[in-house]
Amino acid sequence: MSWQREWSRVRAIVWKDLTAERRTKANFNAVLFFAVLTLFLFGFALGPDADTIEAAAAGILWLTILFSGVLTFNRSYEQELEGGALDALLLYPGERRSIFIGKLLANLGFVLLVQGIMVPAAGLLYDLPLGRAPLQLALVLALGSLGFVTLGTFYAAMASRVRAREVLLPLLLFPVLIPLLLGAVESTAAILGGDLMGNAATWIRLLVVFDVIFLAACLIAFDYVIEE
Amino acid sequence: MAFDGPALRLSGVTRRFGNRWVLRGIDCEIEAGQAIALMGRNGSGKTTLLRVISTLLRPTKGGGQIFGHDLVEGAPEIREFIGFLGHNAGIYDDLTAEENLRFSMQMAGLAWNPADAQRVLTEVGLLNERNVRSRGFSAGMRRRLALGRLLLRPPKLLLLDEPYAAFDQPGIDLVNRFARRIAEDGGVAIISTHDLARARPVVDRVVHIDNGRLVEGTAPELSPDEHAARVVS
Amino acid sequence: MQATGDSKPQLPKWVPAFGVFALLSLVATQAFALFFTPPDRDMGELMKIMYVHVPSAWIAFLAFGAVALGSVLYLWRRDIRFDLFAAAAAELGTVLTALCIVQGSIWGRPTWGVWWTWDPRLTTTAIMLIVYAGYLALRSFTDDEERRARWSAAVGIIGAINVPIVWYSVTWWRTIHQVQSNTTTMDPIYVLALLLNLTTFLFLFIYLLRVRYHVALLERSADARLEERALGAGVVHV
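Those sequence lines, one after another, are chains V, W and P. Per numbering that gives the first Met the number 0, residue 0 is the first one in the first sequence, and the count goes up by one each step. Per numbering that gives the first Met the number 0, residue 0 is the first one in the second sequence, and the count goes up by one each step. Per numbering that gives the first Met the number 0, residue 0 is the first one in the third sequence, and the count goes up by one each step.
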């Protein structure tokens, strides 16, 4: 099948996933509230001292992104599993990895949308200088989210289909995300802190390398994983 | 693509799940233009066999050819002309009937024409539900929508897994007409069912499966016992 | 035609003999290391935990390399034996990694005053432990043999790709924050003992891997036979 037709398949999946999400809204609201709640909890856990929070802000932000985002991935496959739609998906002609790309893009859109509200909320809660370098910050959020969503969508293709899926997905996903977490937190902290040491660039490079490597690996491996 | 021999051939198809050998060496040949009834008790392997033929499952051992394409290596080509109506309709609750059909066409990489939705929904009796979300559909309506999906892209190999369940008589007639049409156009239709009476009007052969093995059957007039007596080892 | 063609797997004759040899080798090298090398100037006898700590780490990495290799071979050849091999290696690797971390802690506490440091080696090892625990958890939740093999292979390969990335990022992380590395240097006099131990651990690993793999083959064969017997043979051509 030509790549134009594959692209139409990808678009169809993105449209379907986002439309289903838009029509129920239940998931988006729940994930968003959970994210904001988590921000509050960190605030309480780390104490009212503004300096402590400021030092930890980048870490808090990214942990919140990970913990709230991980709820998205299994759900992305649940609508296929509930009605037996996964079989129908697998029976269409064409590349199976188009299904992966479609779900990845839909999940990425969802995660970025949540961040669109959650990051300003964090800025308000913790008095963060978000306006200091907004483009760089947006870049870090995008790169970090891409790697996160790539691996999350990949692992959820398996975890969503076995028992104990709620715990298996984080168990599989989070260890592999550690380099991404480091890169994202360090570059976010550097950007918010004025990047005195010029470190952000190196960490952003790490994020790019991470994203490229794992996107390639997951694209190759998805075929093996999505089959019955 | 021209090819020699039967439309569907299976050689020693075996499938294991965990500790259970669900299919234990299936050999069969089906000529083009035939509609076959596949009968067997629950757990005899009917659904698994259909899933293997549809390329959803790989055989643990053995293989076959479908319209000249290898069952394992040629799976992507086979998916171009396969149609499967399974136990689950596989439609999306949050999409309308028409949107479900449109999604299906886009996933197959085909152009979408709303007139197609009109035609197909009319044929399956769901025109009134065109813009209604499928969440509230009954089991029969879901089946019909799934059937509608198949009507949009008539397959060369049609696999129906217990299609008469959750269907009223008009629905059953729809299924049978469709199966007959596929066969008459030179394709193959396989209907797995408990209920031979419903399939009888349309099938050319009856095949029994028991504990993962096939038992010879012929014209629908023979009783299942007479079928069993024709075991060939 | 039989539904299955497997006969009972046989353990090659060299394996039990090799096991005895590996065990004797372990006794000999431990005796040598503990009693015939002098205690370290600074750390005393405590340093000798390095004799098991370092080989554990190296062989654990070797085990995970074996997992990656088995995974790739399975996806290429679809022969279930590669998957069983990878799983056996993963089990051994996980145990060795856990031991390695515990040993590191035991050594670290009196030496540096802490049970844990975030140095790249230890951290990477800990992350690998969790990755492979996840691998084993996934396997335990997946009943179908073929699916389990495919999924394990994918997870094993992605996990292996991750290791160098983790190493690099943790190293850079520590450098950025200018944390003092806790360096350990070893006198050449101990290197011999260390190499001997490394070789012994390698022998033990090979022996245990082969045996564990054999057990997996036996399990699989036993299951298949049970089913065979229950339902007899014979195929109909239709």
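Just so you know, the hints here were simulated from the structure itself, not pulled from any lab data. Given the structure is predicted, the values throughout are model-derived calculations rather than measurements. From the three backbone atoms N, C-alpha and C, an ideal C-beta is built for every residue, glycine too. A portion of the hints provided could be inaccurate.
[As the list claims (entries may be wrong)] FRET-style restraints, in silico, Cβ to Cβ: (1) R176/W with A25/V: 38 to 44 Å; (2) E165/V with R40/W: 46 to 52 Å; (3) K7/P with A141/V: 54 to 60 Å; (4) G42/W with L217/P: 26 to 32 Å.
Here's how the hints hold up against the structure:
1. R176/W with A25/V: 38 to 44 Å: Given about 40 Å between the Cβ atoms, the range holds.
2. E165/V with R40/W: 46 to 52 Å: violated (37 Å)
3. K7/P with A141/V: 54 to 60 Å: Distance hint for K7/P, A141/V holds at roughly 57 Å.
4. G42/W with L217/P: 26 to 32 Å: holds (28 Å)
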